[in-house]
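Place chain R on chain G using the hints.
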Amino acid sequence: MQQLAAGSMSALGTLVERHQARVAALAYRFSGRWDVSEDITQEVFLRLHQTARRYRASAALTTWLYRVVVNCCLDHARRRKPRVLDEMTPSAKSEPTSVLILDERRRAIEEAIAELPERQRIALLLHRFENLSHEEIARTTGWSASAVEALIVRAYAALRVRLAEWAGSAGMTAADNRRSTA
Amino acid sequence: MSTCIDDATIIRHASGELDPEVSSRLESHLQSCERCRLALQAQRETAALLDAWKVTLPADLDVREAVLTVAKQVSPAPNWRPMAAAILIAAGLGLAAGRLIPPRTSQHATLVEVTPDELMERIGLDSLPVESAALDQVFDDESLAEAGEQS
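Protein sequence lines correspond, in order, to chains G and R. Heads up: the first sequence begins at 971 in the working numbering, then just goes up one per residue. Heads up: the second sequence begins at -9 in the working numbering, then just goes up one per residue.
Calculated from the structure, these hints are not laboratory results. Backbone N, C-alpha and C define an ideal beta-carbon position, used for all residues, glycine too. Don't take every hint at face value.
Cβ-Cβ distance ranges computed for the label pairs, FRET-style [to be verified]:
hint: 1; chain 1: G; residue 1: S1139; chain 2: R; residue 2: R54; range: 39 to 45 angstroms
hint: 2; chain 1: R; residue 1: S22; chain 2: G; residue 2: A975; range: 55 to 61 angstroms
hint: 3; chain 1: G; residue 1: L1044; chain 2: R; residue 2: A38; range: 25 to 31 angstroms
hint: 4; chain 1: R; residue 1: K44; chain 2: G; residue 2: R988; range: 31 to 37 angstroms
hint: 5; chain 1: R; residue 1: Q21; chain 2: G; residue 2: A1117; range: 30 to 36 angstroms
hint: 6; chain 1: G; residue 1: P1087; chain 2: R; residue 2: R27; range: 26 to 32 angstroms
So here's chain G without its partners, still in its complex pose (with noise of 0.2 angstroms):
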């Protein structure tokens, strides 16, 4: 970090080499499109290089990481209108059946996380698929505990009502859940 607030190249380099990966992907969670992804990827480390020279070593990197993240994923959501998921590939005739309700599933869930609103689906984000505790998120975010907490019921609420939808209209039950996850 050091090196990366005297204006090292090399270090910039380094940072995203380790990191890119797990902000795209928490970017794509978001966002629901590859391409806003790596937008969004590309803009996290801009502002990490830009403001290395305000990072204190106290606070842990991935705190300030993901801060940054959180910023410009809402930031980005701001800017854009209506999101709009990536298109599935079509499954061929010849998949398997328990193949096409994992593609099922998966969309499903995409599409219950994409209806949430911005600060819920981030902090759920956070939780779930980070595995940050609430002190983590309020840290991260900035947000109050309290916050953080009502943010993350409400997400889960909302979950679990869309998916149980989902799955009552795909004639699955929760045991067939747990199989095909298992």
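Only chain R this time, still in chain G's reference frame:
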């Protein structure tokens, strides 16, 4: 734990965020409360569904070169604090210097002792008709004293 568990605590328990002691008390409650057991089960099933959502990055997604290209063109934003501090110190020194060093008089300014008549002659007022009575009225001691009180 006699009262049911709130949703936030259910989520924390399902994701392993609670202290072991708190989790243990929760488990005791769950043994006798079907509502909370069902809530916990629903949370775990939702979490399992989400966990099954795997994301595979496109093989050609690599922003390293693009980031480095732009970063080389744009220098990092200057840290304004040291600059601001330097400006403030310089301003402070300038003020202090201003008080210690007497103002330098202009090399063109000269102090000349002139009489009122000589001054009037120099600025061309000596040829203007003057009503001495009016002047007397303006410049008598009484009116000057009044002007002094008003100022």
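Evaluated hints:
no., hint, result
1, G/S1139 - R/R54: 39 to 45 angstroms, "43 angstroms, holds"
2, R/S22 - G/A975: 55 to 61 angstroms, "56 angstroms, holds"
3, G/L1044 - R/A38: 25 to 31 angstroms, "28 angstroms, holds"
4, R/K44 - G/R988: 31 to 37 angstroms, "21 angstroms, violated"
5, R/Q21 - G/A1117: 30 to 36 angstroms, "33 angstroms, holds"
6, G/P1087 - R/R27: 26 to 32 angstroms, "30 angstroms, holds"
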